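Asker: So the chains spell out like this:
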Amino acid sequence: MVAEPITESSKPPTQGKQPKQPKPQNPKPEKGGGEKVKSAKDLKKEKRAAAVAARGGENAGAGHEGGRPTLSVTNTGAAGESRQASFAPSGSASASAGGPGPSKPQRPAHFSEPSGLSLSNIQQNLFFSHLPHQDFPDTSAALINGKLHPLIVRLGVLMSSGQLRGANARTMGMMSAFREVIRDYECPDQAVLWKDLPIYLSPMIAWLEGCRPKGVGGGNAIRWLKSEINRLGEQGDRSEAEQKDYLVEAIGLYLRDRIEFADKVIADNAKEKIRNGDTVVTYARSSVVERVLLEAHRDMKVSDPEAGFKVVVVDSRPLLEGRQSLEALSSAGIPCTYILLPLLSSILPQADLVLLGGSALHSDGALYSRSGTAIVSMLAKEHRVPVVACVETYKFGEKVVLDGVATNELGSVDNLLSIPNNLSFGIKPNDLSSTTGGVGKHNLTPLHLVYDVTPPSLITAVCTEIGFIPPSSVPTVLGKSSSVV
Amino acid sequence: MAGVASPLSLSPVPSARGAPRPSAQSHASGSQTGKNFDVIHSYKRAIEDDKVPHPIAAILALVELIEASTASTVTGLASELTIGRQALINTQPSLGVRAGCQLWERFFALSMGGEDFPSYKRSLISQGRSFCAITAPQCREKIADLAVGFLRDDCVILTHSYSRTVIQTILRAHKQHKRIKVYVTEARPACLGMRTHQVLTANGIPCTVVLDSAVAYVMERVDMVLVGSEAVVESGGLVSSVGTYQVALVAKAMQKPFYALAESYKFLRHYPLSQTDLPIPSTSTTTSISPNEKHTSNIPLEFPTLIPNSHPPAIGAHNPLSRPTSATPQSRSPVVPGTPTEGSGANRVEMTKEMESINPMVDVTTPDLIDFIITDLGAPLSPTSVSQYLVAQFSS
Chain A
17 MVAEPITESS
27 KPPTQGKQPK
37 QPKPQNPKPE
47 KGGGEKVKSA
57 KDLKKEKRAA
67 AVAARGGENA
77 GAGHEGGRPT
87 LSVTNTGAAG
97 ESRQASFAPS
107 GSASASAGGP
117 GPSKPQRPAH
127 FSEPSGLSLS
137 NIQQNLFFSH
147 LPHQDFPDTS
157 AALINGKLHP
167 LIVRLGVLMS
177 SGQLRGANAR
187 TMGMMSAFRE
197 VIRDYECPDQ
207 AVLWKDLPIY
217 LSPMIAWLEG
227 CRPKGVGGGN
237 AIRWLKSEIN
247 RLGEQGDRSE
257 AEQKDYLVEA
267 IGLYLRDRIE
277 FADKVIADNA
287 KEKIRNGDTV
297 VTYARSSVVE
307 RVLLEAHRDM
317 KVSDPEAGFK
327 VVVVDSRPLL
337 EGRQSLEALS
347 SAGIPCTYIL
357 LPLLSSILPQ
367 ADLVLLGGSA
377 LHSDGALYSR
387 SGTAIVSMLA
397 KEHRVPVVAC
407 VETYKFGEKV
417 VLDGVATNEL
427 GSVDNLLSIP
437 NNLSFGIKPN
447 DLSSTTGGVG
457 KHNLTPLHLV
467 YDVTPPSLIT
477 AVCTEIGFIP
487 PSSVPTVLGK
497 SSSVV
Chain B
137 MAGVASPLSL
147 SPVPSARGAP
157 RPSAQSHASG
167 SQTGKNFDVI
177 HSYKRAIEDD
187 KVPHPIAAIL
197 ALVELIEAST
207 ASTVTGLASE
217 LTIGRQALIN
227 TQPSLGVRAG
237 CQLWERFFAL
247 SMGGEDFPSY
257 KRSLISQGRS
267 FCAITAPQCR
277 EKIADLAVGF
287 LRDDCVILTH
297 SYSRTVIQTI
307 LRAHKQHKRI
317 KVYVTEARPA
327 CLGMRTHQVL
337 TANGIPCTVV
347 LDSAVAYVME
357 RVDMVLVGSE
367 AVVESGGLVS
377 SVGTYQVALV
387 AKAMQKPFYA
397 LAESYKFLRH
407 YPLSQTDLPI
417 PSTSTTTSIS
427 PNEKHTSNIP
437 LEFPTLIPNS
447 HPPAIGAHNP
457 LSRPTSATPQ
467 SRSPVVPGTP
477 TEGSGANRVE
487 MTKEMESINP
497 MVDVTTPDLI
507 DFIITDLGAP
517 LSPTSVSQYL
527 VAQFSS
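Residue numbers (the numbering used here), protein chains in the order written: chain A, 17 to 501; chain B, 137 to 532.
Next comes chain B alone, as it looks inside the complex (with noise of 0.2 Å):
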């Protein structure tokens, strides 16, 4: 949010701030796991089914670390627990993580029981395996079951992106030989809507790949939204793929029904505020841009600090500002000449790897633009009772 400070805030030395942060903290992860586990790479692992979420992938990669681990008592055990958090949360840009970690931390704090250690440990670690191989798909199953009665017969459905609990869905009521059309957006710059086209046309449902930019033009033949998320949030937002906002804010100015699909082990402990306030760690993508266009901090689509002495050549290279978005007032105001990258005549400019880089990967969607969150807790909860949920579970 630095574009909303006046001239006289900047601070004439941006590199230096932006430097040490992300060094230290690549530097203090590494040095952490690297002594007897490596969380990381067994959350990589983890990750690599396609059929495991990020949460799920934390709480395997956690578990593992337990299984690994040689402390001796439970404190020790925690805090090397704590440490793998700590490098998971701090290197992996998804928030799945963050709220897969939370979760296995509340449910080891509960756990805490009077049994000896050893056999405290192989409950632990049974436990996690179970909810990992058993209970997560069954969630999963649930809020299909749920979900499916929201499909009519002959209805067209929005969806955003790739998500296999909205792609279970639409399979289920296909099943139920209720006849479904989807658009699915493509979801740049990932694609990820593609592979929701592939998944969903080999099962035989008619399905229309939409440009995210056409999502207003389609949306009056929609008749309802169905998107996945990647974690249910404190204020009964959701954090998800970018572009769901705005795919709800079109929902809502056409008025039509907004419905996301969470699994209970997405749920969050934090609250957004705007776009830009979200817990994600400054990845090696991010750090990896050009040394002269050093951020001075992780939020996506901030303005380049000006660099005092590269007033002349930096016209040219200035192209990263690409489009304005709503994650600041403000950013409606400065105009820069030579932003045009896409489609602008004869000789198509793309993006680069550069500009997709500083772009946000998830967006926040506010609980104001969802009908109901439908989870595996029962009943289709609203935004509100989603967030009491939440704050009753982590009040307590």
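Chain A extracted, bound-state conformation (with noise of 0.2 Å):
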């Protein structure tokens, strides 16, 4: 969907526009920072450029062209010049487009040749080197080059910085941000609405990927809002103004039967399974189990108020989530225990139900969800405590993941080499900073994981909005949705 248009419209107008800005007026601007942010999708163009210059010798040059870390991936002649007018002065706008100038020699090292600066970054991962990296982003560039819509820019860093966390969070954030752009959008005249507005969604879909990915569950809003952008087209015969308020009404509608209600269902049909005097584990955070819980206790305290259940939160470092987990629930009344992943398995033979969040369920049952749930479900396998995972139907994939190693993302490592008592490992953190790679003289290779994967064997059921279901009923429910979708 998105690549064609990339691809195409990305060689000939930055070729048009080289010649104009030809050196930027800042030529120091931190490279470092600026730069690694759009690895990803930096990543997908390298690789699409190399394709391209496979095909065709002439189509070299445009390859090396298509390699440059611009961020106005789809000028598109004048509709993309009047844009630009609108959020920030074109003049630096394409400034910063040129911005990246000097760092040019760079970039193709960063994937093609394991040279130089490059080498430590990949020794940083060491075997997950696959794995896109993240820093933090270049919010100046990305607000000046004026494709971006201001409020994108700010959902990035908000997600990027890790102050809006949880699938369910960031769709929503990603959505309603979208649906303000929306709104904000003009139609340019010679263009048609439901082919020029993926066009200039693009490239603020990219810049929030290079923040944070999506995953599964923003991947399939994006592409739900895609068809729905598409039937527009066929339907035809409507004010630009009417299909406008169509789109931000249907983006309401989905976060509300996606999201929202679907939470509502999900916390309805897992307190069933809550009864008095049980003690409930929960890892990590998830808005979804936080929700349950609370709604469980509630209903119980109007039944019966000497009824109730325990809780006990699960955390591990480097993140601590449950910390927020366990200030929600404790505040609300409901007597927890707060302890990290090693004492797990001291605790389970005590409990009689594992909730778990997740941020994604693939097709063959199996949880992507925070590191640390794999364990946390193994272990309750192994004590045969029920595991019910609560997750919305919109977070189904339909991809196949076998393990956590080929999809995941890398996490700050920051966080983790700084304890909390100040001790350290005898390394200042400076050593392993993010310029020099995180490779110090110490030979130590900080790595943090965001996600993993729970086979389905270690699910007893799925707790969605149609009801609970076994992990292995996942395709059926795909199946049916699909059409939807």
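No wet-lab data here; the hints were simulated from the structure. Treat the hints loosely; a few may be bogus.
Under the rule of at most 27 Å between Cα atoms (straight-line distance), these lysine-lysine pairs were calculated in the DSS-like manner [said to hold, decoys possible]:
#1 A:K397 x B:K388
#2 B:K392 x A:K397
#3 B:K257 x B:K314
#4 B:K317 x B:K392
#5 A:K242 x A:K287
#6 B:K257 x B:K317
The structure presented is a predicted model; accordingly, all values stated were derived computationally and were not measured.
Combine both chains into one complex, guided by the hints.
Answerer: Structure below.
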């Protein structure tokens, strides 16, 4: 979908632009920070460019050009120019496009020639060098660029910094942001909305992807949005305002039906499984699980003030997300215990239920969730405690993922090495900062993978808005809903 | 699962908890059904017929309710049906009732068409009746047809308790001149295994009744295990008379094939996570246990909550803790003195009615223990495909 317009449009306009702004006005911007942000997107571009180059010799130049780390991927002539004007002065916008100029030789090296600086990058991840590495996004460049709605830039920063965490929160944030973007969008005169809007949105999608991969749920939402836009093309004969209203409303409905209502139904279903006197184990933080527990507690208290259940919040470094969960639950009056992952095996014999959230559920029934979830489920299986994963159907992915190695995210390493009591590994954190690629003189490779994969055999049931289903029935649900999505 | 809770979480006033719930329930159902038509009575009349299984009896009762209904709109009829369904579900211990009600509800929702109300009502009634009279018995025929292929000549079958479908299958094999020998468990406390024995021996099939505790002993001589079921749940597991789970576990351990027979109207929209996670209403039998042994919930075999002042005399009166079950992982820990009740020597002490009444009637056989579920839907299904079928049916 996105791929085609990008490759086609990226070549000629960048070429046309280059001579206009030969050198950036300020050649000193920190390349380290600004560059790597776009690595995920650029990786794609690189590949595409390489493919183009392989196809025809005359395209080689274009391939090289395609590798340029510009954010103005989809310059579409006049339309593009007018949009730039609306967000930022056009001169500076193209300046930023040329900004990474000096780093030009670095970029290809980053991927194709593992030498010099890039070597450390590869070493940092050792076995995980295939995963895209994320650094803090270069917001100034993004803002000046003019292709990105300020809301999207802000959202990208929130996601990348971890202030907006959790698949539901991120998807909702993203979709609401796009709703505003569509509201503000004005279709250029010669263009048709359903053709122009996806092109308009794609740099923003790419920017967000560069800040933090959107995951299966976000991917499904974006795919749905694009299909909605496409359907506008089939319907035709509506004014631009009507079409925009339609999309805005549709996004609202999507958020309501697929996430908010889904969570409500999941909470209704799952709370039936929590009974008086139970001990429920939960790992890290999940908005759905939190909701289930809070509602179960409230209902139980309403029917009988003496009744209640206990919650064990299991947490692990470096994110320690369980603390937020703990705060929400204990302030609601639920008796909570807080432990770290290593203690889990001692607690599980006392437990009746393990409730897990997830970022995605793959079609073989494997749960893609915060790293550590697989250990929790494995131990729970060992202790014969039922494991229930609460996942909305919009997070069902059609892929099959065999392990957490092939697809994953690299998290920030900084937290990993900072220990609360200031004991260190005899290393100053600076030694390992990302500028040196994380490898200091100590041959230490800190690694933080954000997710892991829990095989379906470890999950007793999946609680979705259509009820409890065994993990093996995910394809059935996918098959039914794929016509809708 | 209160056995799990540490002493800290035990509340001091258990009686206050247990009392209001069942009474409120029975009160509500009484007032609802007393209005014009007694669904419960009609259900009980239907179930008296030996050939009628629980789900079908429930559907029959609901069809009779429609016949007796004075509602003049679809909505009115629907709300009356909902009340009747709730009354049945809340009072009848069989999960089959719930399955039948769910099936009828789904049929009702789907059949809501454009015709005028009287003819709609008539077609509902006639379709309901024909389903119960014709389709349902055919289901059992179909299953017997399918299952009989699994029985080889000269094979030894172990079955549990009493199942009409299993008996029909065995009889059909017998008619095909297959020499079949049957072990049947006694299946206490209802001892329905004796009934199976009666029917089979009357038809000239060699049949031996096995103690429930001798299942493991006899398993090595068995070629296959064939059981019926009360309901098939969304996980692909079975809910059936207590003891089936244990038979399935032994069969799995000894690598004997375990086949379950289930009509498709027994498919139930429920996902049990544990043995106690079943929507069985607290029946009159459980609430009528002596008042000083109030149960905080209707969970079978739950230890009574400690009543503060009953320490010294409680030891004598504490026998209901008969056998530890696998219901909770915790039940293995506390061993209470004075528990053995049966076969404990010269003067044999039997279980009392009260002790029996706190025992479960059904258990959940997990899908990993089942080789095939033979249904009227066609080729034998693995538990996974059963659950996929169920999800597809209900998620629409």
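Asker: Work down the list of hints and note, for each, if the structure agrees.
Answerer: Status of each hint after checking the structure:
| no. | hint | verdict |
| --- | --- | --- |
| 1 | A:K397 x B:K388 | 18 Å, holds |
| 2 | B:K392 x A:K397 | 24 Å, holds |
| 3 | B:K257 x B:K314 | 47 Å, violated |
| 4 | B:K317 x B:K392 | 16 Å, holds |
| 5 | A:K242 x A:K287 | 35 Å, violated |
| 6 | B:K257 x B:K317 | 49 Å, violated |
Checked against the numbered hints given earlier, the structure breaks hints 3, 5 and 6 and satisfies all the rest.
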